[in-house]
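Chain residues, written in single-letter form:
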Amino acid sequence: MAKSITMQVARYRPDREAEPTMQSYDVPLRKDWAILDGLNHIKDELDGTLSYRWSCRMGICGSCGMTVNGEPKLTCATFLTDYAPGPVRVEPMRNFPVVRDLVVDIGDFMAKLSVVQPWIIRKDEEPPDGEYLQTPAELEDYKQFSMCINCMLCYSACPIYGLNEHFLGPAAIALAQRYNLDSRDQGSADRMDALSASTGVWDCTYVGECSTACPKNVDPAGAIQRYKLTAASETLKAFFMPRGGR
Amino acid sequence: MSDTTATTRVRNQPRPYRRRVPILWWVRRRSYLLFVAREVSSVFVAWFVVFLLLLIRAVLAGDDAYQRFLDWTANPFLLALNVVALLFVLLHAVTWFNLAPQAMVVKVRGRRLPPLLIAAAHFGAWAVVSAVVAWIVLG
Chain A
1 MAKSITMQVA RYRPDREAEP TMQSYDVPLR KDWAILDGLN HIKDELDGTL SYRWSCRMGI
61 CGSCGMTVNG EPKLTCATFL TDYAPGPVRV EPMRNFPVVR DLVVDIGDFM AKLSVVQPWI
121 IRKDEEPPDG EYLQTPAELE DYKQFSMCIN CMLCYSACPI YGLNEHFLGP AAIALAQRYN
181 LDSRDQGSAD RMDALSASTG VWDCTYVGEC STACPKNVDP AGAIQRYKLT AASETLKAFF
241 MPRGGR
Chain B
1 MSDTTATTRV RNQPRPYRRR VPILWWVRRR SYLLFVAREV SSVFVAWFVV FLLLLIRAVL
61 AGDDAYQRFL DWTANPFLLA LNVVALLFVL LHAVTWFNLA PQAMVVKVRG RRLPPLLIAA
121 AHFGAWAVVS AVVAWIVLG
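Line by line, the protein sequences give chains A and B. Position 83 (the first sequence) corresponds to 83 in our numbering; numbering is contiguous. Position 108 (the second sequence) corresponds to 108 in our numbering; numbering is contiguous.
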């Protein structure tokens, strides 16, 4: 096996460049090194000016999402050896404004996340002393959607979001469903306006790339299609039973 | 404020880079191409609706009008258009039914039905309805 691999890394220094350029670095090719280890090697040994986000190195924090050879990937879970003999191209996540090098501005996603109120909403009581109880079957209803780590790879993969930044987007909708389907939650009506707006689920035309990109098998595309059915039946209900609605 | 501070300020202004989406973004990936083809298919679905309305009008207008309509549809250009439209409408229908298990979660006795079964039920219903329509039209 070759002892090193070339990493072509996107650089964007707004004080120096009008648009990103690629810079090549040779890093050791080790069996247990992820793309992120390669970036850390560059930062520590070759070029301390490289900027990127990372934290946990174990696919939980959702910070290190980037575009690796054109695909949206968590760089801590993507191994250099899979791209041997190289070169491997590392670029920032697509569809987000690039602040510097591999760092993108995630402000838009953070704003959208709060729009869907991703927390348990209760209407009728004070919080209990202990927990709200739930059966394993009730947990199963939303568990898949609760696996989201907010890495935003689904936004990076979604061409609709790339073309229309007003689209609420895959993760925000999947997280709304995570709470809508939770037996302890009573806030689905509160989330409805944001979800069934034209910039909500109806902007999605089911490309399906969000679910392909998701490193946690959340299947945001599935969450969106499910909510389309919910939104359509709620609209019909409101039409036929204007007073009995929500 | 000194000149140096002003320069530093300007230099430190964030200037995020926004990558422009290339016009041909949809040819890069099979799933993107399929998605755009499905979007385009709605035009052909609309064409079939218009075609059906024209057919109904011709039938209501009597034998002569219906014969003229049939002659018109035998035109090679129209025939080619309808073959292409049929292919797009089939793509539309197949992708629609494949999507059904994503949208529907059906539970029987507390257990979620496998997605394949839901898709199969839709395709089965489609086949039955098509057979009934074919029987009415051809029979």
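Think of the hints as simulated: they come from the structure by calculation, not from any bench. Check before you lean on any hint, since a few could be wrong.
From chain A, some residues computed to sit far from chain B (all C-beta separations above 12 Å) [said to hold, decoys possible]:
no.	residue
1	P20
2	S24
3	D37
4	T49
5	G59
6	E71
7	T81
8	Y83
9	T135
10	S146
11	I160
12	Q186
13	T212
14	I224
15	F240
Below 25 Å or equal to it, Euclidean Cα-Cα: the simulated BS3-like pairs (lysine-lysine) are [to be verified]:
no.	chain 1	residue 1	chain 2	residue 2
16	B	K107	A	K237
17	A	K143	B	K107
18	A	K143	A	K123
19	A	K31	A	K43
20	A	K3	A	K43
21	A	K31	A	K143
Computed footprint of chain A on chain B; a stretch qualifies when at least three of its residues, placed anywhere within it, have a C-beta under 8 Å from a C-beta of chain A [said to hold, decoys possible]:
no.	stretch
22	61-70
23	73-85
24	102-111
Every residue gets a Cβ at the ideal spot worked out from N, C-alpha and C, and that includes glycine.
Tested hints:
1. P20: With a cut-off of 12 Å, P20/A comes too close to chain B, as the shortest Cβ separation is near 6 Å.
2. S24: Given that every Cβ of chain B is farther than 12 Å from that of S24/A, nearest at about 20 Å, it holds.
3. D37: Holds: least Cβ distance 26 Å, greater than 12 Å.
4. T49: holds, 15 Å
5. G59: holds, 24 Å
6. E71: violated, 10 Å
7. T81: Fine: 25 Å to the nearest Cβ keeps T81/A off the interface.
8. Y83: Non-interface label on Y83/A holds, nearest chain B Cβ at 19 Å vs cutoff 12 Å.
9. T135: violated, 10 Å
10. S146: holds, 16 Å
11. I160: Violated, because the least Cβ-Cβ distance between I160/A and chain B comes to about 9 Å, which does not exceed 12 Å.
12. Q186: Per Cβ check, Q186/A is outside 12 Å of chain B; nearest 20 Å; holds.
13. T212: At about 7 Å from chain B, T212/A fails to clear the 12 Å cut-off, so the statement is violated.
14. I224: Non-interface label fails for I224/A: nearest chain B Cβ at 8 Å, not farther than 12 Å.
15. F240: holds, 21 Å
16. K107/B / K237/A: Judged against 25 Å, a Cα distance of about 22 Å means the pair holds.
17. K143/A / K107/B: Holds. K143/A to K107/B sits at ~16 Å (cutoff 25 Å).
18. K143/A / K123/A: Between K143/A and K123/A the Cα gap is close to 23 Å, so the pair holds against 25 Å.
19. K31/A / K43/A: This hinted pair holds, its Cα atoms lying about 20 Å apart.
20. K3/A / K43/A: At roughly 19 Å apart (the allowed maximum being 25 Å), K43/A and K3/A satisfy the hint.
21. K31/A / K143/A: Not satisfied, since the Cα-Cα distance of roughly 33 Å exceeds 25 Å.
22. 61-70: violated (count 0)
23. 73-85: violated (count 0)
24. 102-111: With 5 residues in contact (Cβ-Cβ under 8 Å with chain A), the coverage given for the stretch 102-111 of chain B holds.
Hints 1, 6, 9, 11, 13, 14, 21, 22 and 23 from the list above are not met by this structure, while the remaining hints are.
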